[in-house]
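Asker: Work out the full structure: start from the sequences and follow the hints.
Each chain, written out:
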Amino acid sequence: MTGFSALLARDLRLVWRRPGDVMVVLAFFVVATVLFPLGIGPETNLLARIAAGILWCAALFAALLSLERLFAADYEDGALDLLLLAPWPLELAALAKCLAHWIVTGLPLALLAPLMGLLFGLSGEALWAVAATLLVGTPALSLIGGLAAALTLGARRGGALLALLALPLCVPTLIFGAGAVEAVAIGEGFLTHLAILGALALLSLATLPWAIAAALRQAGE
Amino acid sequence: MASLHVLANPARFRRFSQRVLPALSVVTALALAVGLWLALIESPPDYQQGETVRIMFIHVPSAWLSMMGYGLLAALGASLLVWRHPLAALMARGAAPVGAVFAAVCLLTGSLWGRPMWGTYWVWDARLTSMLLLFFLYLGHIALSRAYDDSERGDRAAAILALVGVINLPVIKFSVDWWNTLHQPASVMKLGGPSIDPSILTPLLVMAVALLLLFIVLVMLRTETEIDRRRLEAAEMAL
Amino acid sequence: MVNHTPFIVGAYIVALVGFGGLVIASLLARRRIKRELSARGLSGERGRR
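Protein chains in written order, with the working numbering: chain A, 1 to 221; chain B, 222 to 460; chain C, 461 to 509.
Keep in mind that the hints are not guaranteed to be accurate.
Partner residues aside, some chain A positions facing chain B, computed with beta carbon under 10 Å [unchecked claim]:
no.	residue
1	L147
2	A148
3	A150
4	L151
5	T152
6	G154
7	R156
8	R157
9	L174
10	I196
11	A219
Don't read these hints as lab results, they were simulated from the structure.
Glycine included, every Cβ here is placed at the ideal spot set by N, Cα and C.
Answerer: Given below as structure tokens:
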């Protein structure tokens, strides 16, 4: 397990040294979220109804932004080759990198989004729903995005291709994440949605590290 | 299973295909002719939907075949990654655009069916939305396999994507169904096909068989081209 | 009652253009690659490498 923690610690340390990378992603989230009322109009009822979808979509795009670099830096400076030769399973390394991505992207987004929710007139339980669903849902996004990043390492038009690959696969998480807030709006609880998001996260955890490792292996060949 | 392994050799497949394709194409054309005659002329208008049921004869088989096509991509992907069948990569490259076109035809005919029935060219019903996402998955597969100068890298990446995608498809379908029932009042009729009346079953099945044959013909044809294209690449690299 | 005919015709035209276009494009691509192969002196008939 030391390989896992070492890799995780290294990635987190790299981000710590350059916090601007993370700040940019969060700033993008804020700006993107604010664009929607500007584009749609300030009517409070309408905004409250579409807030969940907007927050979730903006979070999705923001999470995607930082994915291109997830493996690219290691790929370029040869660290990926070292990972391929390391004694611990590549699947664990993939998991460590996705976890690092989640800690610096998904987690802050889950904390920031409720604040943005206030701008849309959400309150009380709805804000909790936003935070909780993003918290439980973003790990799956990091794993799916990690797969897309590994598949597009060194590809032409890598960034756009990464989004094309990842976004359809993220749709289930998006549906249940945004749907949770709607459920709150009509008076039902969001626990079912949260449970399904958890199941999606577990499904991703059970399948994607192997797919990511396979993708990394054939990137290294 | 041994015969499948035999066909995994591209050169053998090519010889097989060149023998079989001309005859198969003729059979396909005949099947299409019969199917179209049944669909357009012989079958009566459905009592529920009138003439527009004729659109179903294209829309429904296209849906089936595009889904089958993605299953094919996943099977070929597994074949490539697990058994390293060289033909699998080439056939996947040839088949993906075919499945994508079937998905596109399904979407467009579904839209044209919906307009006279519901008044708009697009309805966010569960099946059309799932098909739209399947179309995007196809686009991703096509783009990924062609995103690398090293074709084999693209083939293997696309294979992994197809396998992950096929696992994801039921999840996507489930979540889109959920999303759809959430947002639609119960009184709206499902946009799905009419209940299967015997008079429309025959043309539907005949068209399904004919379009399946067309699918097979297209995949074989395009796989031949991919085999040749790979040989061309190998020759160019040898220079 | 809306006239359904243009939609039915439209749907079949979509199918014709979609499938027919794919058939034609595939045939043209095959011909082009075969020509390039034989231009390099590699006959398309010998399957052995």
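Asker: Each hint needs a verdict: does it hold in this structure or not?
Answerer: Against the structure, the hints come out as follows:
A least Cβ separation of about 6 Å between L147 (chain A) and chain B falls short of the 10 Å threshold, and the interface hint therefore holds. Evaluation of the A148 (chain A) hint against chain B yields a held restraint, the C-beta minimum of about 9 Å falling below 10 Å. Contact between A150 (chain A) and chain B, as hinted, is supported at the beta carbon level, the nearest pair being about 9 Å apart and thus within 10 Å. Against a cut-off of 10 Å between C-beta atoms, the interface hint on L151 (chain A) holds, since the closest Cβ of chain B lies about 5 Å away.
With a cut of 10 Å, the hint placing T152 (chain A) at the interface with chain B holds, because the nearest CB-to-CB distance is about 7 Å. Given the 10 Å rule on beta carbons, the hint for G154 (chain A) holds: about 7 Å separates it from the nearest Cβ of chain B. A least Cβ separation of about 5 Å between R156 (chain A) and chain B falls short of the 10 Å threshold, and the interface hint therefore holds. Nearest Cβ of chain B to the Cβ of R157 (chain A): about 7 Å, under the 10 Å cut. The hint holds.
Residue-level restraint check for L174 (chain A) holds (minimum Cβ-Cβ distance to chain B is 8 Å; threshold 10 Å). Checking I196 (chain A) against chain B by beta carbon gives a least distance of about 8 Å; that is within 10 Å, so the hint holds. About 7 Å separates the beta-carbon of A219 (chain A) from the nearest beta-carbon of chain B, less than 10 Å, and the hint is met.
Violated hints: none; the structure is consistent with every hint.
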